[in-house]
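Got two chains here, separate frames each, mind docking them using the hints?
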Amino acid sequence: MPTHGLPGSAILEVRSLCKHFSGIPAVADVSFRINAGEILGYLGPNGSGKSTTVKMVTGLLQPSSGEILYRGELVQPGTSSFKHYQKYIGYVPEEPYLYTQLSAGEYLFLIGRLRKMREVLLREKIAEGLRQFGLWEDRYSPMASYSKGMRQKVLLLAAILHDPDLVILDEPFSGLDIATALMMRIFIRKLAETGKAVFFSSHVIEVVEKVCASVIVLRWGKVVGAGTVDSLRTLLHRSSLEEVFADLVELSDSETAASNLLALMKG
Amino acid sequence: MQRSADGESLREFVVLTRHFSTRLRRDFFGTGEGDTSSSLATALSLLLAYGICVAVFLILSFGFQLLRATDSARVEAVLSAHDVLTASTLALTGAYFVFLWEQLFPDRFDCHVLLVQPISSLMVLGAKLFSVLGFLLLFVAVMHSACLIVVPLTAMSSGGGFVTLQLPAYVISIGMAMLTAFFGLAGLVALLVLLLPYRVFLWVKPAMQFGVFVVFLGQMFFSPPLEQLRVPATMELSVFARYWPSFWFTGLADWIADGFLPHGAALAQSAFLATGSAILIGVIGILLAYPKVNRIAVEETDFCRRGMPKFPVADIWLRPWLSDDPPALAIGLFTLKVLLRDARSRAMFLLYAGLASAYALREVSGFLASSDGAEMSAPYVYLLPLPLVLVVFAMMAVRALCATPISMQASWIFRLVDWGDGRRIRKALRGVIGAVVIFPAAVFCLVFHAWVWNSWLSCTHTVFLVLTSLIAMEWILRNVEIVPFTQPKAEHLGRLRVMFGIYVLAFVALTFLSAHVEYSLLGSPLAFVCFLLAGTAVWLILHVTNQRRQAPGGIEIGQLESFVLGLKLDS
Numbered sequence: 001m002p003t004h005g006l007p008g009s010a011i012l013e014v015r016s017l018c019k020h021f022s023g024i025p026a027v028a029d030v031s032f033r034i035n036a037g038e039i040l041g042y043l044g045p046n047g048s049g050k051s052t053t054v055k056m057v058t059g060l061l062q063p064s065s066g067e068i069l070y071r072g073e074l075v076q077p078g079t080s081s082f083k084h085y086q087k088y089i090g091y092v093p094e095e096p097y098l099y100t101q102l103s104a105g106e107y108l109f110l111i112g113r114l115r116k117m118r119e120v121l122l123r124e125k126i127a128e129g130l131r132q133f134g135l136w137e138d139r140y141s142p143m144a145s146y147s148k149g150m151r152q153k154v155l156l157l158a159a160i161l162h163d164p165d166l167v168i169l170d171e172p173f174s175g176l177d178i179a180t181a182l183m184m185r186i187f188i189r190k191l192a193e194t195g196k197a198v199f200f201s202s203h204v205i206e207v208v209e210k211v212c213a214s215v216i217v218l219r220w221g222k223v224v225g226a227g228t229v230d231s232l233r234t235l236l237h238r239s240s241l242e243e244v245f246a247d248l249v250e251l252s253d254s255e256t257a258a259s260n261l262l263a264l265m266k267g
Numbered sequence: 268m269q270r271s272a273d274g275e276s277l278r279e280f281v282v283l284t285r286h287f288s289t290r291l292r293r294d295f296f297g298t299g300e301g302d303t304s305s306s307l308a309t310a311l312s313l314l315l316a317y318g319i320c321v322a323v324f325l326i327l328s329f330g331f332q333l334l335r336a337t338d339s340a341r342v343e344a345v346l347s348a349h350d351v352l353t354a355s356t357l358a359l360t361g362a363y364f365v366f367l368w369e370q371l372f373p374d375r376f377d378c379h380v381l382l383v384q385p386i387s388s389l390m391v392l393g394a395k396l397f398s399v400l401g402f403l404l405l406f407v408a409v410m411h412s413a414c415l416i417v418v419p420l421t422a423m424s425s426g427g428g429f430v431t432l433q434l435p436a437y438v439i440s441i442g443m444a445m446l447t448a449f450f451g452l453a454g455l456v457a458l459l460v461l462l463l464p465y466r467v468f469l470w471v472k473p474a475m476q477f478g479v480f481v482v483f484l485g486q487m488f489f490s491p492p493l494e495q496l497r498v499p500a501t502m503e504l505s506v507f508a509r510y511w512p513s514f515w516f517t518g519l520a521d522w523i524a525d526g527f528l529p530h531g532a533a534l535a536q537s538a539f540l541a542t543g544s545a546i547l548i549g550v551i552g553i554l555l556a557y558p559k560v561n562r563i564a565v566e567e568t569d570f571c572r573r574g575m576p577k578f579p580v581a582d583i584w585l586r587p588w589l590s591d592d593p594p595a596l597a598i599g600l601f602t603l604k605v606l607l608r609d610a611r612s613r614a615m616f617l618l619y620a621g622l623a624s625a626y627a628l629r630e631v632s633g634f635l636a637s638s639d640g641a642e643m644s645a646p647y648v649y650l651l652p653l654p655l656v657l658v659v660f661a662m663m664a665v666r667a668l669c670a671t672p673i674s675m676q677a678s679w680i681f682r683l684v685d686w687g688d689g690r691r692i693r694k695a696l697r698g699v700i701g702a703v704v705i706f707p708a709a710v711f712c713l714v715f716h717a718w719v720w721n722s723w724l725s726c727t728h729t730v731f732l733v734l735t736s737l738i739a740m741e742w743i744l745r746n747v748e749i750v751p752f753t754q755p756k757a758e759h760l761g762r763l764r765v766m767f768g769i770y771v772l773a774f775v776a777l778t779f780l781s782a783h784v785e786y787s788l789l790g791s792p793l794a795f796v797c798f799l800l801a802g803t804a805v806w807l808i809l810h811v812t813n814q815r816r817q818a819p820g821g822i823e824i825g826q827l828e829s830f831v832l833g834l835k836l837d838s
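Chains as they are written, first to last, in the working numbering: chain A, 1 to 267; chain B, 268 to 838.
Honestly, the hints are just simulated from the structure, not real lab data. Please note that the accuracy of each hint is not assured.
Ranges of calculated distance between the beta carbons of each label pair, as one might list FRET restraints [what the hints assert, rightly or not]:
1. A:Y140 to B:A532: 50 to 60 Å
2. A:S231 to B:W470: 50 to 60 Å
3. A:I186 to B:L462: 51 to 61 Å
4. A:Y140 to B:L311: 21 to 31 Å
5. B:A316 to A:Y140: 32 to 42 Å
6. B:V323 to A:G134: 56 to 66 Å
7. B:R629 to A:S65: 53 to 63 Å
8. B:E275 to A:Q76: 21 to 31 Å
Here are the simulated DSSO-like pairs of lysine-lysine, each with C-alpha atoms no more than 27 Å apart in a straight line [what the hints assert, rightly or not]:
9. A:K83 to A:K116
10. A:K222 to A:K210
11. A:K87 to B:K559
12. A:K87 to A:K116
13. B:K559 to A:K83
14. A:K210 to A:K190
Each residue gets a CB set at the ideal place from its N, CA and C atoms; glycine is no exception.
So that you can see chain B by itself, here it is in the shape it has in the complex (with noise of 0.2 Å):
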């Protein structure tokens, strides 16, 4: 009888864990209107791509050189790939984390439609934390396919126990790095549940969501040397590299590996520690929060007035700007505040801040342990182009998230209004990105040069970032035509893997050449203003080209009949 109702509770499990599956890769990967599946392959593929690309550098790096390498040369080599791949791991479950957010815990839905079941509210849980584990499980198993040939090929020939406990190594490694990560996040969410009012949860949540993916990604940057792990066992390794969490894993991996790190065994001591401690949080801080998740699910739509995050600069921006063009105002309005309510939409967002805001982070902290901070009175030339990269980098997660639509049932308002062609919406959505990014970019970066340097310095700094930013911009802009969150599909999503690499290569062309051609002008005023002269003839071209674009045009229904006859299909 017992076993009769285990096999019935596992039963049901299977089945709520099978829905909640499909639902989240309908729900996070998809726009519920059936590409569902190219996001989720374009998502995989370009992990793919990644893990390829780290096991082709390895090969690179290591490979040619393997037949006459030393074991110590074959030991650095797997020991810095269990580094990367370690921090990646750190750095993908970080990213996921701050997109599922919202998926912890059952959502009002599944509190209306299941709770009220003859079912444990626990296995509900249950189910739905497996449900986003198995996905992140599938992500981190797709990123490292091809470093697990790899790594343990890189280790051939070593002898011993090093090559064949590789694989497990590896495996054993980058799954609790995994778990640890995931379950210390789930943690302080609980946690911050547990502690904070809902409304003031609100308002931390775009923070903390900002701060994982700098926090996580950052780390990628931040890795202190691996010469720190190799210190002799008489020594004791640097507070650094002793609380460097992709270390404790690396020290793990080489640890059961049976490898040659004296402090091996001390690093794989803390890696169980932090995997031990962050599931037991993690654990009992979702429990905890449960109930709370569950009754705010509920009573929200009964009784409480949640508070949404307001952005009053932006209104007080974008209605003067827009004050002329109602319908511009309107739909600026309407993008504003769905990029800040909308979780998704945030989430994205963050994601783009979060890579720019990492990167600026490490040029600065490189800087500031180069120099010492004695030259921070003078312009330098690979901090000048931060504030270009962290703007337009924003300006491109504004652009990519209006290509993705929120909403189908709700986007009938702007078919039925007159609101225009795309010149009205590229007005308004440069409203947006410059309430949104370049404002808050320009004034913080006044103020900041001005108290670094001096005024001119900082004003021509200024002038440099909102000129390269507008022409950033226009270009950006060139090809909206329809209301943002409102198109029939995610139309970058399939274009991602295009997009990517047009990224890369814009941001290798910001850091260098703006760099370059910003230092060389600080210089000399007359080159300056000759610089100003052009860029903003090159902003009115393109400003000028894209309020002349307009969209190809629709056939409207009235004229079907007479289009259809012009085709003479039956000559």
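This is chain A alone, in the form it adopts within the complex (with noise of 0.2 Å):
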């Protein structure tokens, strides 16, 4: 099987990676790799597999089978090397799971001395965190109180606040305002430039268009395309990614299901 990706030095590899839910496959022969300062976006429609790909390279589930390596060192699932691994990734899950009791201070707070961060340090990077999301002023408040948004930056803060080498991003716009998506689409690209491995999964294709240079499209569990977003619209002879991902997961037509749905408002 192929590995998806640029030549390079791989941060992340992932070699036939298959997970099995009581025999049906959910991801199959999944092979990618990511290097240092490129973004891969990883795209699909609901129950593509995406979110089940993200939860084995973050530890959450052990494949049914495959690798995965991190700069080159093969990482056994359940094993200490798999913790060490966990050390240089920052992970932003798709569902806001969070203490929703906990402020977001102190959420990030037990975040950064879990992952044995020197408590000056971390004090001090949670309250610039706080700041530039606009966070402070609630940052006494449980976050039971806050917005789908504002859980959304703080699992972004706690993805970052140490300094990973690998950032694992499942849908991490959810619920973002279009200023604070803007900004974080630049700092995804800035997390890059500084030599950053981001793996970046989502269905908002604009998003992905806009931020990724290359993508592995799935459907069914199974990789349909990759390559550049430039290849592949080349390779289907479309204008843009989201035609190409229409063509590639074969979507049923949109005007026709719309219809069907005001008809079922109607009775």
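The following block contains the structure:
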């Protein structure tokens, strides 16, 4: 199976990753590599296996088969090598899993301490991060009172506090306002410029097109397209990534689906 | 270098334990809306009050005689206290465990947030267990705080090691009883998790929780007489005394305090064996089940479609009952499904039902033991109120639960939709209580008593049960004004101390009054008919009063300005 991604020194490499749930394949034979300074987009419709891949790469799910390599070294889930690898990753989950009874500062402090960060540095970073994200005024409020966008900002902060080598983002712009989304887009590009590897999983094509250099398209757990955005457009003779995506995942006729919904509403 | 790594690990462990403890305090004892400390304080004060009651009872029973009492009388007093306190500790641990069942392992949030951090997953598990055990220790310590002073005082002037060793004997025996119950139950849960498919486990869990409540609360009522412990060393202990858990730890306390029980050493040996085995089985079980629990916690959101508990009888009952009123039907179904599926609500319901069942079992077994079952064919006055006790406890559980919010964020829908007023909610709750409590109880009562007694007595008993249940239901529902589970805060928790007294009074009235009233009615059809008429009238009055009662008018946002102007604050 070919390994997708740009040639170079890979921070993360995934080889023939598979995941079966009760015998049913959720991810089948997925391979890719992300180099230092690269942003790899991971596109696919809902239920295509994006989050399952992300969870395997972060260690939340045990792969059914396949290999994960960090800087060329094999990391086995459940071993000390994987715990060592986890020190260098930052992860924003798809669902806002947060302890909502904690304030943003308390939560970030908990994560920072668990990542063995020095207390003085941690407090400085938290304060600065909260200011930059406009959360300073709400720093003492429990996150239960936060909007979806505010929670997403906290998750993003938690992912980058410890200066990771590899940032894994699963739908990171979910709920963000336009200004913050724009700032985050620039921030992700700057992350790559400083040599970080970014794995960007999303179904928002516009964002992926603007942020990522190369893209993998997933459908029913299998890679159906991979390459740079330009190469995919050229290959499929399409003018935008959206059209390329529609071709690759064989989307049903959107016009008909919308009309059916309207009919359903009117009973 | 090694020392530094160890220090870091310890620091992480402390951070995690503190985090889990805070989370436990907020999630388990609060509703997430700021009344956490009052709920915890209420629980602790109830336990403290219980401990003081036992201590006062001990002083009243033995205190006045202590100056003149013989050593053997003192020993008996201390033994009796130890036995009651050990049984209470086991009951408390059982009840606590059922409530904390879900907290034993890291949950989905813990997995997603903590397992991606570079920390050992075993450390996460250890910290979680440590925090759960820490709260149990706090509860047990508070419950025993009064007796820790009174029990050694009771033994005073007996002389020798018996007095000086009372305090360590007390602490060790109670601590070991707590650990045995906790790890024994943890081992049982771990075993079920390991052996059963998750879908089956979800079905078995409520039954298990109910069983644990009944067994652990029931052992307080079923305790064999202490005389069984004082058989001479030359004689064997009875099987009951030999294998009764609270006797092991009572024997252990006596053995440590250099006491007088002839079989103290053998009982202490059983206590050590039980504690050791429970800890071993519990720890191994938890370690083995942990990977499976983690896998389920993460995969559940990815793929697995778990079966949720369903209650088709309720659907069948509720839909015709409330079919003419779609909002009431919606509220009824919502209430019913939350009751069945929300873990904390289910545990609370099972606690009430378990308490009543343990009491009922004790009455039935006492009756069977005294009568050899020969008189089962005729009604027995002290068994008559048992169905009513069960029904009323279950109704009180539903009422208490409905006043506990489950999700503040989700309740917006009830504020957006015009669902009517309190009358509609009471109507929906009548349907729910009918479906979950009264209907099943009436059917069981009718069939069981028709088999044990005869059809006529069975029908009369069932009619009495249904009528008194309906009256009790109208009384219990009189203040319900808000859609169940959607209150801004847990209103019943603040009133729990007051309600506790009312519950005790209601229980006494139910068990004594209704028993004698019904017993006298069964012999006289005319009196029974009169009672039916009077009872129906009472129910009708309560029902009509409830139907007329409306929630105090709220202020609509549109009316706010005129309302404020109406206050004439500037005059």
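Against the structure, the hints come out as follows:
For the hinted restraint 50 to 60 Å between Y140 of chain A and A532 of chain B, the CB-CB distance of approximately 58 Å keeps it satisfied. At roughly 53 Å, the beta carbons of S231 of chain A and W470 of chain B sit within the given window of 50 to 60 Å. Against the hinted window of 51 to 61 Å, the Cβ-Cβ separation of I186 of chain A and L462 of chain B comes to about 53 Å, which satisfies the hint. A beta carbon spacing of about 27 Å between Y140 of chain A and L311 of chain B agrees with the range 21 to 31 Å that was offered as a hint.
Between A316 of chain B and Y140 of chain A the Cβ separation comes to about 35 Å, which falls inside the hinted range of 32 to 42 Å. Distance hint check for V323 of chain B and G134 of chain A: the Cβ-Cβ separation is about 58 Å, which falls inside the suggested range of 56 to 66 Å. Distance hint check for R629 of chain B and S65 of chain A: the Cβ-Cβ separation is about 57 Å, which falls inside the suggested range of 53 to 63 Å. Separated by about 23 Å at the C-beta atoms, E275 of chain B and Q76 of chain A satisfy the suggested range of 21 to 31 Å.
At roughly 13 Å between alpha-carbon atoms, K83 of chain A and K116 of chain A fall within 27 Å of each other, so this suggested pair holds. The suggested pairing of K222 of chain A with K210 of chain A holds, with an alpha-carbon distance near 24 Å, which does not exceed 27 Å. Of the pairs offered as hints, the one joining K87 of chain A and K559 of chain B holds, with about 24 Å between alpha carbons and a cut-off of 27 Å not exceeded. Straight-line distance between C-alpha atoms of K87 of chain A and K116 of chain A comes to about 10 Å, which keeps the hinted pair within the 27 Å bound.
Taken as a hint, the K559 of chain B and K83 of chain A pair is honoured in the structure, with Cα atoms around 19 Å apart against an allowance of 27 Å. With a C-alpha separation of about 13 Å, the suggested pair K210 of chain A and K190 of chain A falls inside the 27 Å cut-off, and the hint holds.
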